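Undergrad: Throw the hints in and build the complete structure from the sequences for me.
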Amino acid sequence: MTKYYIAGHRGMVGGAILRQLQALGETDILTQPHAELDLTDQVAVREFMQSERPDVVILAAAKVGGIHANNTYPAEFIYENLMIECNVIHQAFAAGVTKLLQLGSSCIYPKAVPQPMREDALLTGTLEPTNEPYAVAKIAGIKLCESYNRQYGVDFRSVMPTNLYGPGDNFHPENSHVIPALIRRFHEAARDGIDEVVIWGSGAPRREFLHVDDMAAASLFVLNLSKEKYDANTDPMLSHINVGSGTDVSILELAQIVAKVTGFSGKITTDPTKPDGTMRKLMDVSRLADMGWTALIELKQGLRDTYKWYLENAQHARS
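All residue numbers in the sequence shown are consecutive under the numbering used here, ending with 319.
Bear in mind the hints are in silico, worked out from the structure with no lab data behind them. There may be inaccurate statements among the hints.
Listed next, the in silico PhoX-like pairs over lysine-lysine satisfying Cα-Cα at most 25 Å (straight line) [said to hold, decoys possible]:
#	residue 1	residue 2
1	K99	K143
2	K63	K143
3	K227	K3
4	K99	K63
5	K3	K229
6	K274	K111
7	K308	K260
8	K143	K227
9	K300	K260
10	K143	K111
11	K267	K300
12	K227	K99
13	K63	K111
14	K143	K229
Note that this is a predicted model, so its numbers are computed, not measured.
TA: Take a look at the structure:
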């Protein structure tokens with residue numbers, strides 16, 4: 001039986017991967033909360049890997065946050081993410097692990113990049129300044145995997161998700177991303193009888209969203225691809241794979257869908273005095289589609305699913 005270790009199992013993505021492995025009948029799954037294993041501690045990670053000797057490692061752990069957090073704590077974002085990647089990837093190798101999957105982020109791509117973003121856009125331009133430290137750390141994770149593959153012949157793979165949402169998301173009123181933020185705002189407006197919700201910017205920017213259960217399914221799909229098929233669709237030093245829905249939606253359209261899902265029937269107003277950010281961010285997912293995987297969960301259904309989870313777990317949704 002395969003022994004899995006999921007780093008970051010309490011996060012939204014790691015938790016979804018854990019659920020899917022369990023649904024597939026896998027029972028030998030290692031998990032360690034941060035309080036018991038600090039992944040930035042090299043000695044602790046080495047002792048854990050040497051003691052447990054997993055067969056497969058899934059690296060879903062990371063320090064993450066929005067624009068404000070990235071701008072305020074750039075040193076923490078680059079240091080902690082680099083340490084997590086270096087420790088988990090190297091100590092997995094040192095413990096004999098030959099198969100590893102690392103999860104990254106779409107922020108690895110340059111700020112000014114043709115849309116949709118292809119894998120070969122990596123390192124072709126300047127990064128978005130607000131999250132450059134985090135992006136540099138995630139790029140380093142890709143290059144760590146590729147370098148260990150080249151030098152040691154292991155099979156370490158990387159997947160780069162688009163914007164994720166779903167059960168387990170962070171619905172904090174100030175620190176959440178756009179979907180959980182909108183769900184909470186429209187829910188509270190409907191609950192309190194408020195007749196207008198104002199959204200930042202013009203509403204015109206377009207964004208791509210992927211349900212976390214689709215991300216978990218894609219991760220396991222890539223992890224389980226034969227080495228021959230994986231190698232045939234990637235290059236040794238350009239081996240990461242984009243994971244997304246392949247479609248995007250404007251922020252205003254997204255707000256309108258969330259309003260319907262939450263039962264808000266009032267007015268939605270845009271505030272063009274607030275920044276729009278990048279006008280479009282869409283992943284090119286043709287590489288993954290060619291391998292045989294496409295997203296299954298349509299946005300409206302995914303939002304209904306996420307809202308249901310929020311209602312059932314609102315007191316625990318980092319509120």
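Undergrad: Now tell me if each hint is right for this structure.
TA: How the hints compare with the structure:
no. : hint           : result
1   : K99 with K143  : holds (16 Å)
2   : K63 with K143  : holds (19 Å)
3   : K227 with K3   : holds (19 Å)
4   : K99 with K63   : holds (23 Å)
5   : K3 with K229   : holds (23 Å)
6   : K274 with K111 : holds (20 Å)
7   : K308 with K260 : holds (13 Å)
8   : K143 with K227 : holds (18 Å)
9   : K300 with K260 : holds (10 Å)
10  : K143 with K111 : holds (20 Å)
11  : K267 with K300 : holds (20 Å)
12  : K227 with K99  : holds (10 Å)
13  : K63 with K111  : holds (21 Å)
14  : K143 with K229 : holds (20 Å)
Violated hints are absent here; each numbered hint is respected by the structure.
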